[in-house]
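> The chain contents come next:
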Amino acid sequence: MSRKPYQPSMPADWWLKHPAYRFYMLREATVLPLLFFIGSLLYGLYCLSQGEASWLVWLSWLQQPWVMALNGLALVASLFHAFTFFRLFPQVMPLRVGSRTLPAGWMIAGQWFGVLLVFLALWWLLGAYHVIN
Amino acid sequence: MSLTKRFQRSDEPIWWSLFSAGGVCVAMLIPALIVLLVFGPSLGLLSPDTLSYQRISTLLYHPLGLMFIGAVIILPLFHAMHRIHHGLHDLQWAHSALAKWLCYGSALLLSFLALSLWLLGR
Amino acid sequence: MKQPETKPSDMQHLSVAIQRYRPEQDDTPVWQSYQVPYDDSTSVLDALHWIKEHQDSSLTYRWSCRMAICGSCGVMVDGTPKLGCKTFLRDYPQGLKVAALANFPIEKDLVVDMSRFLQHLTTIKPYLIGEPSLVQAGSASAGSDQPSSAALQPQLQSPEQVKRYQQFANCINCGLCYSACPQFGLNPEFLGPAAIALAHRYNLDSRDQGKAERQPALNSKDGVWSCTFVGFCSTVCPKGVDPAAAINQGKIVSTMDGVIQWFSPKQLDATPQEPTS
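If you're matching them up, the sequences are chains H, S and E in order. Residue numbers for the first sequence follow full-length UniProt numbering, beginning at 1 and rising by one. Residue numbers for the second sequence follow full-length UniProt numbering, beginning at 1 and rising by one. Residue numbers for the third sequence follow full-length UniProt numbering, beginning at 1 and rising by one.
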């Protein structure tokens with residue numbers, strides 16, 4: 001008897017078919033709102049180069065409701081990206097201290113602590129630095 | 001036979017390294033930057049004069065400002081375009097050399113734009 | 001339809017839908033439903049046995065050990081790759097759907113053709129490749145009365161050295177990770193999770209010298225670089241191997257390998273060094 005294997009193919013909507021795939025695609029999609037924020041920064045860089053009046057235009061543009069909404073989405077996306085990215089780090093680069101591997105939980109907590117430090121540093125740079133000078 | 005197959009080294013290490021570095025920057029810096037820049041004024045985290053033209057030009061056009069541009073614009077751009085490139089393949093929309101060059105080309109072009117704007121403004 | 005000889009009337013029944021593909025009559029797989037008696041200890045494999053014995057002797061599936069060692073009974077249960085012997089009906093009170101492992105050609109019913117995976121496994125040379133001088137000494141001594149002392153030296157490993165690769169050595173070649181991997185589904189040339197995890201396992205082994213032979217395949221587009229870290233391979237692995245970690249550690253190895261290649265003199269890779277003998 002001859003063989004007649006059935007050759008399956010990936011359906012176009014394969015990524016909707018399993019929670020694990022939906023999670024993956026959501027993670028990959030975090031770059032879409034991120035691109036909007038990068039665009040906002042590029043626009044700001046352009047405005048800054050054009051002088052003070054134009055810089056003020058950018059600052060008020062940034063406060064428009066739809067811009068705030070999209071950048072709010074970018075914030076949520078970047079936090080979700082951070083959540084997934086920090087979890088992968090101990091898998092990709094397990095840190096070894098002597099003969100032991102550092103527990104993944106410590107590495108993840110350390111990275112979130114880094115986010116907090118960056119926030120405080122940037123806040124200081126943008127706000128407190130001004131008070132000191 | 002697969003045993004005698006000739007393998008060609010992929011150029012992915014370049015794009016993956018940029019993607020990973022960008023991923024670290026997005027996770028570490030972007031949340032803080034969005035909170036402060038976008039929501040800082042209305043939340044009262046920053047007073048309006050801290051984002052003044054004088055102060056921000058002094059800060060950003062400092063040589064270290066270039067590193068900042070690299071960390072919040074250029075590397076995140078390569079991060080985003082790498083994911084879009086692979087996403088197009090995953091969705092089976094486009095998997096060609098053209099799609100690849102459009103993705104990484106636009107990241108390169110916008111990075112060049114950011115650098116030019118920085119130099120222009122100094 | 002044949003009546004079951006002993007009707008387990010005191011047992012609860014569960015609806016088990018099975019994807020059938022009978023190459024003599026079907027062009028595409030079709031679903032068939034069965035009512036299966038079960039208790040707390042009934043595995044999906046037990047259910048398949050019951051159906052084959054009592055309802056449909058033509059049902060075809062692979063199995064052997066019934067204890068998650070042989071890796072033969074991999075199937076999709078409600079769309080997730082699982083070992084039939086390690087999955088229990090009690091966890092699916094609403095009934096369940098059993099299909100052949102995804103991303104492989106289906107030969108019949110729940111039996112798939114795994115040859116693509118086995119080919120990829122062969123490509124990465126999943127065995128210890130020894131120090132050339134030791135191997136030569138060993139083969140030279142085979143014909144003579146006096147074995148070379150170097151070849152007889154035991155290759156000792158410290159517990160730390162074993163720890164480095166042990167996790168990746170637990171693979172049973174069941175193929176669940178290939179069914180979980182959309183990148184393998186999209187591009188069957190991708191070496192895939194298990195093969196790359198095993199390549200990593202031997203590359204991490206202190207007794208192994210074969211990295212240079214494995215690296216070209218891993219460095220290629222269809223090697224580690226087809227992976228986008230979906231991570232589902234590690235979720236479904238019944239032995240806790242974590243192939244996603246192996247592949248992505250492999251990306252760092254491949255990147256370093258590329259950097260070294262870039263800075264090394266060009267003629268070295270054009271003319272490989274012949275052993276002087």
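Hints in this document: simulated from the structure, not taken from any laboratory. Just so you know, even glycine gets a beta-carbon here, dropped at the ideal spot from N, CA and C. A few of these clues could be false.
Quick list of in silico lysine-lysine cross-link-like pairs, DSBU-like style, CA-CA up to 35 Å [unchecked claim]:
#, chain 1, residue 1, chain 2, residue 2
1, H, K4, E, K211
2, S, K100, E, K221
3, E, K163, S, K100
Which chain H residues face chain S? A few, computed with CB under 7 Å, are given here [unchecked claim]:
#, residue
4, Q7
5, F80
6, H81
7, G127
Where chain S lies over chain H, by a calculated footprint (3+ residues, C-beta under 8 Å) [claimed, not checked]:
#, segment
8, 59-65
9, 82-94
10, 98-112
11, 118-125
> Does each hint hold? Answer for all of them.
Against the structure, the hints come out as follows:
A threshold of 35 Å between alpha carbons decides the hint, and for K4 (chain H) with K211 (chain E) the separation of about 39 Å lies outside it, so the pair is violated. A distance of roughly 14 Å separates the Cα atoms of K100 (chain S) and K221 (chain E); the hinted pair therefore holds under the 35 Å criterion. Of the pairs offered as hints, the one joining K163 (chain E) and K100 (chain S) is violated, with about 40 Å between alpha carbons and a cut-off of 35 Å exceeded. Against a cut-off of 7 Å between C-beta atoms, the interface hint on Q7 (chain H) is violated, since the closest Cβ of chain S lies about 16 Å away.
For F80 (chain H), the interface hint is violated, since its Cβ never comes within 7 Å of a Cβ in chain S; the closest pair sits about 10 Å apart. Residue-level restraint check for H81 (chain H) holds (minimum Cβ-Cβ distance to chain S is 6 Å; threshold 7 Å). A hinted interface residue such as G127 (chain H) counts as satisfied when its beta carbon comes closer than 7 Å to some beta carbon of chain S; here the least separation is about 5 Å, so the hint holds. With 3 residues carrying a beta carbon less than 8 Å from a beta carbon of chain S, the segment 59-65 of chain H meets the three-residue requirement, and the given coverage holds.
Given a C-beta distance limit of less than 8 Å, the hint that chain S covers the segment 82-94 of chain H holds, as 3 residues qualify and 3 suffice. Closer than 8 Å: that is the beta-carbon criterion, and the segment 98-112 of chain H has 1 residues meeting it against chain S, so the requirement of 3 is violated. Here's how the segment 118-125 of chain H fares: 5 of its residues keep a CB closer than 8 Å to some CB of chain S, so the rule of at least three is met and the hint holds.
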